[in-house]
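Work out the full structure: start from the sequences and follow the hints.
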Amino acid sequence: MVPLTTFRSRPIGRLVAGALFAAMASMPLVAVPAIADTTLLNVSYDPTRELYKAYDEAFSTYWKEKTGETVTVEQSHGGSGAQARAVIDGLDADVVTLALAADIDAIAARTDKLPKDWATLLPDNSTPYTSTIVFLVRKGNPKGIKDWGDLVKDGVQVITPNPKTSGGARWNYLAAWAYANETFGGDEAKIRDFVGKLYRNVPVLDSGARGSTTTFAQRGIGDVLLAWENEAYLAQNELGPDQFEIVTPSISVKAEPPVALIKGNADAKGTTAVAQAYLDYLYSDAAQKIIAHNYYRPVKPEAADPEDLKRFAALKLVTVDDPQFGGWAKVQPAHFADGAIFDQIYKPGQ
Amino acid sequence: MTDIAAPAPHHAARFQPAATERPAVRVLLTVVALAFLGLFLVLPLVSVFYEALSAGFGAFVKALGGRETASAIELTLLVAAISVPANLVFGLTASWAIAKFEFRGKSLLITLIDLPFSVSPVTAGLIYVLMFGAQGYLGPLLAEHGIKVIFAVPGIVLATIFVTFPFIARELIPIMQAQGTQDEEAALSLGASGWQTFFRVTLPNVKWALLYGVLLCNARAMGEFGAVSVVSGHIRGKTNTMPLQVEILYNEYMYRAAFAVASLLALLALVTLIVKSILEWRYADEIAATRRH
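Taken in order, these protein sequences are the chains called A and B. For the first sequence, the positions run 10 to 359 when this note's numbering is used. For the second sequence, the positions run 183 to 475 when this note's numbering is used.
In short, the hints are calculated from the structure, not lab data. Here the structure is a predicted model, which is why all the values come from computation and not from measurement. Careful, some of the hints might be misleading.
Unchecked claim - Which residues of chain B face chain A? A partial, calculated answer using Cβ under 10 Å:
| hint | residue |
| --- | --- |
| 1 | F314 |
| 2 | Q317 |
| 3 | G321 |
| 4 | L324 |
| 5 | G328 |
| 6 | V331 |
| 7 | I332 |
| 8 | A334 |
| 9 | S414 |
| 10 | G415 |
| 11 | I417 |
| 12 | G419 |
| 13 | T421 |
| 14 | N433 |
| 15 | Y437 |
Ideal Cβ positions, reconstructed from N, Cα and C, are used throughout, including at glycine.
So this is what it looks like as structure tokens:
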């Protein structure tokens with residue numbers, strides 16, 4: 010009989026065994042990162058990345074000077090609807106800065122973390138900045154695109170995301186609708202026909218705004234991109250002013266992306282005071298300057314740098330509360346629900 | 183991947199020609215296959231490295247050194263360091279139980295192990311939101327005790343463990359089944375304890391398959407996007423893993439940095455394949471021997 014101790018030593022086997030035990034030993038060490046000073050979490054939507062990068066820095070400096078307290082602002086960006094959903098599911102936001110009031114309403118409706126009348130708690134309906142929808146065209150504007158009417162012409166390819174999935178795309182849709190409403194004097198059959206024609210000129214309906222920008226700018230598809238004003242400028246800056254031009258139409262929508270304190274979360278973390286200050290400071294002269302510099306239209310233009318303001322062309326702006334739309338509560342089911350107007354006028358492949 | 187139920191047969195007919203096609207057809211087929219691979223696999227892979235290094239190695243390193251990118255790399259390593267050992271333990275125990283013992287519910291267990299392969303990663307993420315989210319079954323209880331699972335590291339680890347669940351077990355089960363239980367029986371009859379048998383007989387017999395399973399599991403753990411994206415919360419510099427960071431960088435027009443991070447992930451895949459090939463080449467005899475036990 011061969012005693013067990015003479016079994017040939019197997020280094021690899023031992024190595025694996027060793028690794029196994031080391032792994033098991035280290036299992037309980039799933040450390041929670043230590044939190045130093047005050048940390049705020051701002052849950053925002055996609056196009057505000059650059060704006061809040063600049064603003065967070067300015068606010069930290071301001072707060073440090075005012076109170077001596079060091080505050081770090083963490084950012085989370087994504088599609089506005091998805092971000093609202095994440096906050097509902099427990100993403101620990103101190104403040105939300107989203108694309109649509111409807112998304113913040115959804116948080117208020119499904120949790121008790123902020124009051125239903127959140128929009129009244131800050132000036133200007135809790136919107137410290139606004140934006141609008143403009144056109145980004147290729148250098149020299151080869152298709153001669155000047156206004157919404159040019160987008161339904163044969164042979165013009167329009168790039169815009171899907172309004173069923175993208176908050177930004179709903180603004181694009183409403184802007185086109187507002188133009189048609191004015192042009193056809195409110196004749197709904199003609200308006201539907203116009204908007205339907207426009208969407209038949211869309212070769213790729215991306216799911217989000219940045220996806221559309223990439224389709225247009227990187228992949229070189231399409232003649233005109235419908236984009237947030239700030240996105241259009243950003244794309245132009247990042248990808249080269251020698252490649253694109255911005256065309257401002259005669260009429261567009263006034264997009265009002267609101268901000269709100271998620272009091273339930275902030276109270277639990279003990280950050281309510283600094284989170285409130287973070288939102289209040291958005292209305293300060295210094296912040297309004299940063300806002301205009303990042304291509305958002307400030308609610309206090311007098312505080313902004315005149316050079317920055319010059320970039321915002323004057324145009325007729327229609328809000329979602331205009332009688333033709335009647336606010337998000339009406340627009341959402343009437344236009345974007347399954348089987349509603351958008352589904353009726355847009356049938357892929359036709 | 184080897185099928186669990188049917189180990190590869192070793193009695194292929196030896197004296198028949200393998201194929202009857204004329205040489206021209208064979209060459210044509212080979213060229214088509216290579217061209218296809220070149221176009222859809224090699225070219226994109228090369229272009230990732232080309233884009234990443236197009237501004238020189240210094241710029242490449244700088245692109246990886248950004249605070250948020252560095253933290254994404256760190257988090258990815260942490261997640262892999264937890265989920266791979268966890269799946270190693272699970273994979274070993276499950277395949278050992280399945281290959282060496284008969285018990286009720288065995289086929290159910292095999293089916294369950296395969297489940298993560300057939301479930302969409304997005305669904306895998308949503309399962310955990312449903313379980314641990316603030317509106318989920320366990321969410322309120324966890325919140326009461328101040329425990330964060332979703333939108334924090336534990337949630338990312340859980341989602342990763344879920345999607346990488348089958349990799350190690352799937353590698354081990356067919357080999358262990360093919361080897362049978364004679365070696366273990368011999369060891370036990372010679373007076374070895376259960377642990378001795380496991381570490382000195384069972385484990386050495388499957389070490390190559392185990393190593394390969396760990397490599398695959400690790401590659402997937404570091405590269406998982408869908409499930410992690412759902413539970414991440416996308417907090418910059420905190421809950422973004424490397425694949426999520428690639429998307430962020432790309433969307434922010436930081437193409438070079440995006441490709442730099444992407445090239446690290448591609449490199450991981452390449453290293454995995456190379457190590458696998460070396461193992462198979464270097465230890466071909468030994469691997470064949472353990473299979474034929």
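Evaluation of the provided hints:
1. F314: holds (8 Å)
2. Q317: Check passed: Cβ of B:Q317 comes within 6 Å of chain A, closer than 10 Å.
3. G321: holds (6 Å)
4. L324: Given a least distance of 9 Å, the restraint on B:L324 holds.
5. G328: holds (9 Å)
6. V331: holds (9 Å)
7. I332: holds (6 Å)
8. A334: Since the shortest Cβ distance to chain A is 8 Å, the answer is holds.
9. S414: holds (9 Å)
10. G415: holds (5 Å)
11. I417: Constraint on B:I417 satisfied, holds at 5 Å.
12. G419: holds (7 Å)
13. T421: Result: holds, 8 Å to nearest chain A Cβ.
14. N433: It holds, given that the least Cβ distance between B:N433 and chain A is near 5 Å, below 10 Å.
15. Y437: Result: holds, 8 Å to nearest chain A Cβ.
Checked against the numbered hints given earlier, the structure satisfies every one of them.
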